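Put chain B with the ligands on the given structure of chain A with help from the hints.
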Amino acid sequence: MTKTGFVLANLFRKKTRTILTLLSVIMAFLLFGLLQAVNVVFNAGADFVGATRLVTQARVSFTQSLPLRILPELEAVPGVDKVMYQQWFGGVIGENTQIFAFAVEPARIHAVYPEYIMPDAQWKAFADTRTGAIVGRLLANQYGWKVGDKLPLNSNIFPKKDGSKTWGFDIVGIFDGKDEQWQNQTNQVLINFDYFNEANQFGSGAAGIYVLKLANSDAAQQVADTIDAKYENSPDETKTQTEKDWSLGFVKQIGDIGLMVRWILFAVFFTLLLVVGNTMAQSMRERVPELAVLKTLGFSDGSVLGFVLAESIALCALGGLIGLSIATGLGIVIKKFAGAVMPLTVSGPVWVAGLIAIIVLSLAVGLLPALRAQRLKIVDALAGR
Amino acid sequence: MSNLISIRDLTKSYERGKQKVEVLHGLTLDIPKGDFVALMGPSGSGKTTLLNLIGGLDQPSSGEISIDGKRIDRFSSAELTRWRASNVGFVFQFYNLMPVLTAEGNVELPLLLTKLSAARRRENVAIALSVVGLAERAKHKPRELSGGQEQRVAIARAIVSDPTLLVCDEPTGDLDRKTADEILTLLQTLNREHGKTIVMVTHDPRAAEYAKRTLHLDKGQLAEQAAH
Ligand SMILES: Nc1ncnc2c1ncn2[C@@H]1O[C@H](COP(=O)(O)OP(=O)(O)OP(=O)(O)O)[C@@H](O)[C@H]1O
Ligand SMILES: [Mg+2]
Numbered sequence: 001m002t003k004t005g006f007v008l009a010n011l012f013r014k015k016t017r018t019i020l021t022l023l024s025v026i027m028a029f030l031l032f033g034l035l036q037a038v039n040v041v042f043n044a045g046a047d048f049v050g051a052t053r054l055v056t057q058a059r060v061s062f063t064q065s066l067p068l069r070i071l072p073e074l075e076a077v078p079g080v081d082k083v084m085y086q087q088w089f090g091g092v093i094g095e096n097t098q099i100f101a102f103a104v105e106p107a108r109i110h111a112v113y114p115e116y117i118m119p120d121a122q123w124k125a126f127a128d129t130r131t132g133a134i135v136g137r138l139l140a141n142q143y144g145w146k147v148g149d150k151l152p153l154n155s156n157i158f159p160k161k162d163g164s165k166t167w168g169f170d171i172v173g174i175f176d177g178k179d180e181q182w183q184n185q186t187n188q189v190l191i192n193f194d195y196f197n198e199a200n201q202f203g204s205g206a207a208g209i210y211v212l213k214l215a216n217s218d219a220a221q222q223v224a225d226t227i228d229a230k231y232e233n234s235p236d237e238t239k240t241q242t243e244k245d246w247s248l249g250f251v252k253q254i255g256d257i258g259l260m261v262r263w264i265l266f267a268v269f270f271t272l273l274l275v276v277g278n279t280m281a282q283s284m285r286e287r288v289p290e291l292a293v294l295k296t297l298g299f300s301d302g303s304v305l306g307f308v309l310a311e312s313i314a315l316c317a318l319g320g321l322i323g324l325s326i327a328t329g330l331g332i333v334i335k336k337f338a339g340a341v342m343p344l345t346v347s348g349p350v351w352v353a354g355l356i357a358i359i360v361l362s363l364a365v366g367l368l369p370a371l372r373a374q375r376l377k378i379v380d381a382l383a384g385r
Numbered sequence: 001m002s003n004l005i006s007i008r009d010l011t012k013s014y015e016r017g018k019q020k021v022e023v024l025h026g027l028t029l030d031i032p033k034g035d036f037v038a039l040m041g042p043s044g045s046g047k048t049t050l051l052n053l054i055g056g057l058d059q060p061s062s063g064e065i066s067i068d069g070k071r072i073d074r075f076s077s078a079e080l081t082r083w084r085a086s087n088v089g090f091v092f093q094f095y096n097l098m099p100v101l102t103a104e105g106n107v108e109l110p111l112l113l114t115k116l117s118a119a120r121r122r123e124n125v126a127i128a129l130s131v132v133g134l135a136e137r138a139k140h141k142p143r144e145l146s147g148g149q150e151q152r153v154a155i156a157r158a159i160v161s162d163p164t165l166l167v168c169d170e171p172t173g174d175l176d177r178k179t180a181d182e183i184l185t186l187l188q189t190l191n192r193e194h195g196k197t198i199v200m201v202t203h204d205p206r207a208a209e210y211a212k213r214t215l216h217l218d219k220g221q222l223a224e225q226a227a228h
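Note that the protein sequences, when read in sequence, are chains A and B. In this text, residue positions in the first sequence follow UniProt numbering: the first is 1, and each later residue adds one. In this text, residue positions in the second sequence follow UniProt numbering: the first is 1, and each later residue adds one.
If we strip away everything but chain A, and leave its shape as in the complex, we get (with noise of 0.2 Å):
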């Protein structure tokens, strides 16, 4: 016998009731894991993307258009390199699952967003193709979607000229994302503006919005400032910002998901901390004489505070390893099944931040029925008193 085996079997004394606490701790930290990386997810947008790129929209919303006659006047401000646009298609698939889908210019799209990685050969059939679509790698991988096959996309806002709402696109190209957070990004659909714009029965020629890339990223505050200058009191009011700001902005539209998360959280925390305190409390209690015993013995007043903590440290590191490692796994899963709509990785931050969690959780639990058993006076609990 050892004192870790001493320790497990105080732990497991009553079954049950630890099995119990035990699946309580599970979950919590399933839903830590889970929650968190749904959290990195909606604030990833902002975190990665370099400020060599802005975003200009309609001033008063995004869901506003911008007219394509402003396209060369944006690409001959000083400090722009190259510009890109793209209008938001309402992709649906099926009965009505929606799906991320842009129109976008090939090329333009290829030299503005160097992140998104896909062989020549693809590229240029993209551009050759009217009805060619490229599609993202976790939204390929969800549908198991190849090159050559057809894509059941359709409209939920724009009818072709013949006034039906069938699109229907050819998958020419599948792209990738250069690191994680931006293979995180290939859940959407890119078609052919040209071919977009000429079938559509509206024929707008507008764009959702633009995407600048800029020779030098200092510039970005005064070229946004020229672009919104410029079309102050125009009928089209822009409003230009980085490309990390827009995300943000775009993610708030959404609600706070970060508040939302700390506070469901907070709440669960809250639960398990009532929960595994009166646990541990409740085995302390019951386990008064033999703690007495322990000192009686000759284990010092530190060392029988040392068992009621590594106990309390054992239920809450197992239950929180198991629940963080479930989480894993179910991210795996979601990302692989679903990577599309939730391209969840409990990733390395979220298991730091779980370790830390177990920490405080163990000694949050555990520290004060640790401190009651170390100043346990032997003869009054022997006596029972």
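Hints in this document: simulated from the structure, not taken from any laboratory. Treat the numbers as computed from the prediction; the structure is a model and nothing was measured. Even glycine gets a Cβ: it sits at the ideal position worked out from N, Cα and C. Check the hints yourself; a few may be wrong.
What the hints assert, rightly or not - Straight-line distance between alpha carbons at most 27 Å, and here's what the computed DSS-like set of lysine-lysine pairs gives:
#, chain 1, residue 1, chain 2, residue 2
1, A, Lys377, B, Lys70
2, B, Lys139, A, Lys3
3, A, Lys3, B, Lys115
4, A, Lys15, B, Lys115
5, B, Lys141, A, Lys14
6, A, Lys146, A, Lys124
As the list claims (entries may be wrong) - Beta-carbon label-pair distances, calculated as ranges:
#, chain 1, residue 1, chain 2, residue 2, range
7, B, Gly133, A, Thr2, 46 to 52 Å
8, B, Gly195, A, Ala317, 43 to 49 Å
9, A, Arg262, B, Lys70, 56 to 62 Å
10, A, Thr2, B, Gly195, 43 to 49 Å
11, B, Ala223, A, Thr4, 36 to 42 Å
12, B, Glu136, A, Lys14, 27 to 33 Å
13, B, Ser62, A, Val360, 46 to 52 Å
14, A, Ala317, B, Ala223, 54 to 60 Å
To be verified - Facing chain B, a subset of chain A residues (Cβ under 7 Å, in silico):
#, residue
15, Lys3
16, Gly298
17, Ser300
18, Ile378
Frame of chain A; chain B with the ligands shown alone:
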């Protein structure tokens, strides 16, 4: 024979709220090495209190206690803890075994405080269990043992680190006559053949007869001494 335990003018009082209650009033007592002393007296007379002081579980209010030449009344509580581990074995009325450990585990517990290797610990545990006649119950948990067997495990635990002194507080108080006799015979053997000095509190005059002599405690004072 030289004295193992030497007590001078020992007093012990407890604070009860604002009131101070003196339980032992200036007690003086010598117990030679190798003695087996039964301590009797009415309930509340201070037997457990005295035993706890001798075993170093508590500290006196005044007076001297020296054991094997060491003034344990001057020890700090941390020093007492260390001293207990290697010098005293305890046996209680309700055995006080760890329910989650096997007999073997319970006996090994005090050895976790030593630097003995796992193999040496196992060896010592086996010896202690065979001395108390429970070698074949080593793997049993306390609830799978009878009261007498539990008390044997407790005695094995008390002797496993080979202390010179055993203190027993009503070790047969919860056992039937026959089992009590077996336990008392075991204590007698430990005293006679293994040289343990034993101080045993008991209410039972027949149990006291197993000791070499009996001390009577009444209202915190030693009344008479009877030798057997
Ligand atoms: N920690 C304490 N606080 C207050 N009073 C105490 C404490 N310990 C013992 N006493 C009191 O001291 C007196 C002697 O107690 P002790 O336990 O030594 O008696 P005892 O002779 O062992 O009795 P019994 O035969 O019932 O076990 C009792 O009146 C008891 O209430
Ligand atoms: Mg008593």
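We went through each hint and held it up to the structure:
no. : hint                               : in the structure
1   : A:Lys377 with B:Lys70              : 23 Å, holds
2   : B:Lys139 with A:Lys3               : 18 Å, holds
3   : A:Lys3 with B:Lys115               : 13 Å, holds
4   : A:Lys15 with B:Lys115              : 32 Å, violated
5   : B:Lys141 with A:Lys14              : 14 Å, holds
6   : A:Lys146 with A:Lys124             : 17 Å, holds
7   : B:Gly133 with A:Thr2: 46 to 52 Å   : 27 Å, violated
8   : B:Gly195 with A:Ala317: 43 to 49 Å : 47 Å, holds
9   : A:Arg262 with B:Lys70: 56 to 62 Å  : 59 Å, holds
10  : A:Thr2 with B:Gly195: 43 to 49 Å   : 32 Å, violated
11  : B:Ala223 with A:Thr4: 36 to 42 Å   : 50 Å, violated
12  : B:Glu136 with A:Lys14: 27 to 33 Å  : 29 Å, holds
13  : B:Ser62 with A:Val360: 46 to 52 Å  : 47 Å, holds
14  : A:Ala317 with B:Ala223: 54 to 60 Å : 58 Å, holds
15  : Lys3                               : 6 Å, holds
16  : Gly298                             : 3 Å, holds
17  : Ser300                             : 5 Å, holds
18  : Ile378                             : 5 Å, holds
The structure fails to meet hints 4, 7, 10, 11 from the earlier list, while all remaining hints are met.
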